[in-house]
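Colleague: Chains as they are written, first to last, in our numbering: chain A, 234 to 545; chain B, 16 to 440; chain C, 21 to 205.
Honestly, the hints are just simulated from the structure, not real lab data. Built from N, CA and C at the ideal position, the CB exists for glycine as well. Treat the hints loosely; a few may be bogus.
Some but not every residue of chain A turned toward chain C, in silico, with C-beta under 8 Å [said to hold, decoys possible]:
#1 W236
#2 R237
#3 R268
#4 P269
#5 V270
#6 M333
#7 L534
#8 G538
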Amino acid sequence: MNWRHKHLLGIEGLAPEEITLILDTAEKMAEVATRPVKKVPALRAKLVVNLFFENSTRTRSSFEIAEKRLSADTLNFSASTSSVSKGESLVDTILNVERMMPDCYVMRHPSPGVGQLISGFTKASIVNAGDGAHEHPTQALLDAMTIRQRKGSFKGLRVLIAGDIAHSRVVRSNIHLLNTMGAEVTVCGPATLLPPHIESLGVKASTAFEEAIRGKDVVMMLRIQLERQTRGLFPSLMEYYQRYGLTEERLKLADKDVIVMHPGPMNRGVEIASEVADGPYSVILDQVENGVSVRMAVLYLLLGGGEDVSAH
Amino acid sequence: MYLLIKNGRVVDPSSGTDETLDVLIKDGRVEAVDKKLEAKGAEILDATGLIVAPGFIDMHVHLREPGYERKETIATGLAAALAGGFTGVCCMPNTDPVNDSASVTRFILDRAKAASPVHVYPIGAITKESKGEELAPYAELREAGARALSDDGKPVVKASVMRRAMEYAGSLGLLVIDHCEDTDLAGEGSMHEGTVSVRLGLKGIPAEAEIIPIRRDISLARLTGQRVHIAHVSTRLGVEAIRAAKKKRLPVSAEATPHHFTLTDEAVLGFDTNAKMNPPLRGKDDVEAVIEGLADGTLDAIVTDHAPHAYEEKMVEFDRAPNGIIGLQTAVPLALDRLVKTDRISLKRMVDAFSCAPARLLGLTDKGRIAPGAEADFTLFSLRKQTCLKAEDIQSLSKNTPFLGMKLKGAVVAVVIAGRVYPAR
Amino acid sequence: MKRKTILDAAGIQRTLGRLALELAERLQGCQGAALIGIHRRGVPLARRIADKLNEVEKVQVPVGSLDINLYRDDFSSAGTAPVLRGTQVDFDIEGRTVVLVDDVLFTGRTIRAALDALVDLGRPARVQLAVLVDRGHRELPIQADYVGLSLNTRREDHVELHLTEFDGEDALLLETQITAKEGRP
Numbered sequence: 234m235n236w237r238h239k240h241l242l243g244i245e246g247l248a249p250e251e252i253t254l255i256l257d258t259a260e261k262m263a264e265v266a267t268r269p270v271k272k273v274p275a276l277r278a279k280l281v282v283n284l285f286f287e288n289s290t291r292t293r294s295s296f297e298i299a300e301k302r303l304s305a306d307t308l309n310f311s312a313s314t315s316s317v318s319k320g321e322s323l324v325d326t327i328l329n330v331e332r333m334m335p336d337c338y339v340m341r342h343p344s345p346g347v348g349q350l351i352s353g354f355t356k357a358s359i360v361n362a363g364d365g366a367h368e369h370p371t372q373a374l375l376d377a378m379t380i381r382q383r384k385g386s387f388k389g390l391r392v393l394i395a396g397d398i399a400h401s402r403v404v405r406s407n408i409h410l411l412n413t414m415g416a417e418v419t420v421c422g423p424a425t426l427l428p429p430h431i432e433s434l435g436v437k438a439s440t441a442f443e444e445a446i447r448g449k450d451v452v453m454m455l456r457i458q459l460e461r462q463t464r465g466l467f468p469s470l471m472e473y474y475q476r477y478g479l480t481e482e483r484l485k486l487a488d489k490d491v492i493v494m495h496p497g498p499m500n501r502g503v504e505i506a507s508e509v510a511d512g513p514y515s516v517i518l519d520q521v522e523n524g525v526s527v528r529m530a531v532l533y534l535l536l537g538g539g540e541d542v543s544a545h
Numbered sequence: 016m017y018l019l020i021k022n023g024r025v026v027d028p029s030s031g032t033d034e035t036l037d038v039l040i041k042d043g044r045v046e047a048v049d050k051k052l053e054a055k056g057a058e059i060l061d062a063t064g065l066i067v068a069p070g071f072i073d074m075h076v077h078l079r080e081p082g083y084e085r086k087e088t089i090a091t092g093l094a095a096a097l098a099g100g101f102t103g104v105c106c107m108p109n110t111d112p113v114n115d116s117a118s119v120t121r122f123i124l125d126r127a128k129a130a131s132p133v134h135v136y137p138i139g140a141i142t143k144e145s146k147g148e149e150l151a152p153y154a155e156l157r158e159a160g161a162r163a164l165s166d167d168g169k170p171v172v173k174a175s176v177m178r179r180a181m182e183y184a185g186s187l188g189l190l191v192i193d194h195c196e197d198t199d200l201a202g203e204g205s206m207h208e209g210t211v212s213v214r215l216g217l218k219g220i221p222a223e224a225e226i227i228p229i230r231r232d233i234s235l236a237r238l239t240g241q242r243v244h245i246a247h248v249s250t251r252l253g254v255e256a257i258r259a260a261k262k263k264r265l266p267v268s269a270e271a272t273p274h275h276f277t278l279t280d281e282a283v284l285g286f287d288t289n290a291k292m293n294p295p296l297r298g299k300d301d302v303e304a305v306i307e308g309l310a311d312g313t314l315d316a317i318v319t320d321h322a323p324h325a326y327e328e329k330m331v332e333f334d335r336a337p338n339g340i341i342g343l344q345t346a347v348p349l350a351l352d353r354l355v356k357t358d359r360i361s362l363k364r365m366v367d368a369f370s371c372a373p374a375r376l377l378g379l380t381d382k383g384r385i386a387p388g389a390e391a392d393f394t395l396f397s398l399r400k401q402t403c404l405k406a407e408d409i410q411s412l413s414k415n416t417p418f419l420g421m422k423l424k425g426a427v428v429a430v431v432i433a434g435r436v437y438p439a440r
Numbered sequence: 021m022k023r024k025t026i027l028d029a030a031g032i033q034r035t036l037g038r039l040a041l042e043l044a045e046r047l048q049g050c051q052g053a054a055l056i057g058i059h060r061r062g063v064p065l066a067r068r069i070a071d072k073l074n075e076v077e078k079v080q081v082p083v084g085s086l087d088i089n090l091y092r093d094d095f096s097s098a099g100t101a102p103v104l105r106g107t108q109v110d111f112d113i114e115g116r117t118v119v120l121v122d123d124v125l126f127t128g129r130t131i132r133a134a135l136d137a138l139v140d141l142g143r144p145a146r147v148q149l150a151v152l153v154d155r156g157h158r159e160l161p162i163q164a165d166y167v168g169l170s171l172n173t174r175r176e177d178h179v180e181l182h183l184t185e186f187d188g189e190d191a192l193l194l195e196t197q198i199t200a201k202e203g204r205p
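In isolation and in its complexed conformation, chain A is listed as follows:
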């Protein structure tokens, strides 16, 4: 099967085979990092513009490394240094950058649906690196790569995603991906951080963490932002930790071969105990490593069009 999309705006709508193709390609990309020369010329002469309208050192670095490993030229464009801070509209920004002949935009933005908005104004491919609380497809893919490495497949896997479900783009992308691949997803968090109608996405929802974690094969913890407390969504970080923090005690309720994941950056002692984060079940650092491979795979599939020379 070959890749046939111009953009990667979200996981929603991808077929299982397409997700598998990305993961298979990412596994091949992982090999590049083990070489003395950690770089291939696949995207030589391609210009990738990293448009970050929100701070994200982690995701941006991961994309930048992926781009460099594929020999693409990169241009970093962040909101604070750009004309956006002078009031230029997003569409105008795109129309301007467009004349620099980019081949791809990697875009992070606080508003859901910006990929759909700018796709009407560019000839380049767009990779959504997070649009508000909508989607963050490469995060879900790197999570999936990590899960597949440990569990082999997704069929029937019991996955718990816990924390700030309401404001998380990671949750939505992961729900779509895991549902598509045949896993069973439960989301859990305080009622104020569990959006109404979340079950319509095909998940179980619970506010009782210790019940929800029982027997799970994968436990994915989400970052709790301090500002949610000041906006009255829960009383205190301490109370949050007491009810929803992933401690060693609670982890014992999960399957004995459970893996613990976190998209980072972690708040130790808020959503996750240090002993768990650094413990034997944690695959958190694998996720970081897989992030580069997945992003290389996505960029290669979107931009690496051409004849398959190894086929003849």
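Model the placement of chains B and C on the given structure of chain A, informed by the hints.
Modeller: Below, chains B and C without anything else, positioned relative to chain A:
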């Protein structure tokens, strides 16, 4: 001097008329309505196969002038109204400056008179600068030509202010129109809170943000004994509360927009900012309830909430886009295609909602009927002709509509204002 | 369009056998040598040659595989990205004699890409090239050290190697537009 409209199907819910009749007009007023009328030297308008209805009045329009002429001017807004089959419009006061004084009201009326035959009934602000604190000078506004009061775009947050507004306006015979939204509960929401908002990661506005202030206004109508009109009802809860209030004979009236009886929140799925409005597009069941409300008269009037925004204002991130769409040129065809053709509401009720009900609510006694002595304002439309709005047909300065290119059965053919005929373009 | 079998299964076996003998002779028993097949059909060919060497010389030559899709020079954005098969070289190529193995040598572009891919894995002492068929029409100054069969072709002809591993049969096929006569070596 004479105009004779021949062979039209005259539909006038105020008198229960629905038959093929001729209408004779002299000096801008109806002279006679009867079979086979003749008048020597009269201009003849052949209305065979057309519906002749009392002139349609849109109670809820944003003409944007003064202050936002980039979005719309009085002239372009009225051109759209004329093309859309309206003989009169009420313009909301959220201009810059806000229409909270006789001078702004007079400015609007002067501009309108110079620009278009369409009648304009300005709506004055409920509170000064629509800030929700001090009452605007209602008597002065009425004197200048204001027909109703509203802080539309914003709710009147304080119940005490709303109470005083209803009391004072009621004593002057002015209708108070409230934009019912609990802005605190709505928060930063940019669409209806439901399965679509959770899927798109957009913050939602729950139906309760509408019903809480509607219930308050109904309570205040009981307390004051004065009229209150609920703008753009969008939810089943809202429709049901108003229906119950009317059953108790409380002086409550209400309106609904074409977008709230045609579109659901699923229109937001592609992040089209032309699907962003306030109140937001709701769920299927809410759309159903709005149609039921229009059918049984719980919702008295159909209004457009015509809200022009410039191209660049709408061509932005969904959650940063302004609310609203233009509606004057699509309202009548949408009602004909989605409500009348499908037998959801009767033709008579549709004409009532566009014409008689607004005239009644605004106290325009010489409008909203076709009878000797009434003003000769009519809307002529066809049930068979198709409407398909193209960008170049739009008379508004702004083109923000999700209905472009939609094929709709039913079309406005002409309007008559004060006895003069204006064929639709 | 005419399709002609140039080599059948036995013919392919014989040709590979001869290639293995040549390798053994020129590399003096193949100590310190390695075979790296180029995806896709170079990979099973490399394995088969290694098996023959094992039979004849009783020597275990390490075999790797090389995916050159990340090293292509046709940077057009047309078409979809080729599926990656992955590079797998589990031995150190530093100081070794590496023999690249491919099925058909044509324009030379694949080998150019393979050389780039190979040097990113380390610095071999020597790199040689073994191909089952050389069909001519080179676009780059590249030639093979070991050639199973030289075939006269027109540029627009198709030379296709079928292998049991992928196609269920072993056969070398030539597809020509007009007549097959001039195609004979």
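Colleague: Would you mind marking each hint as holding or not holding in the structure?
Modeller: Hint check results:
{"no.": "1", "hint": "W236", "verdict": "holds (5 Å)"}
{"no.": "2", "hint": "R237", "verdict": "holds (6 Å)"}
{"no.": "3", "hint": "R268", "verdict": "holds (6 Å)"}
{"no.": "4", "hint": "P269", "verdict": "holds (6 Å)"}
{"no.": "5", "hint": "V270", "verdict": "holds (4 Å)"}
{"no.": "6", "hint": "M333", "verdict": "violated (16 Å)"}
{"no.": "7", "hint": "L534", "verdict": "holds (5 Å)"}
{"no.": "8", "hint": "G538", "verdict": "holds (5 Å)"}
In summary, the one numbered hint that this structure violates is 6.
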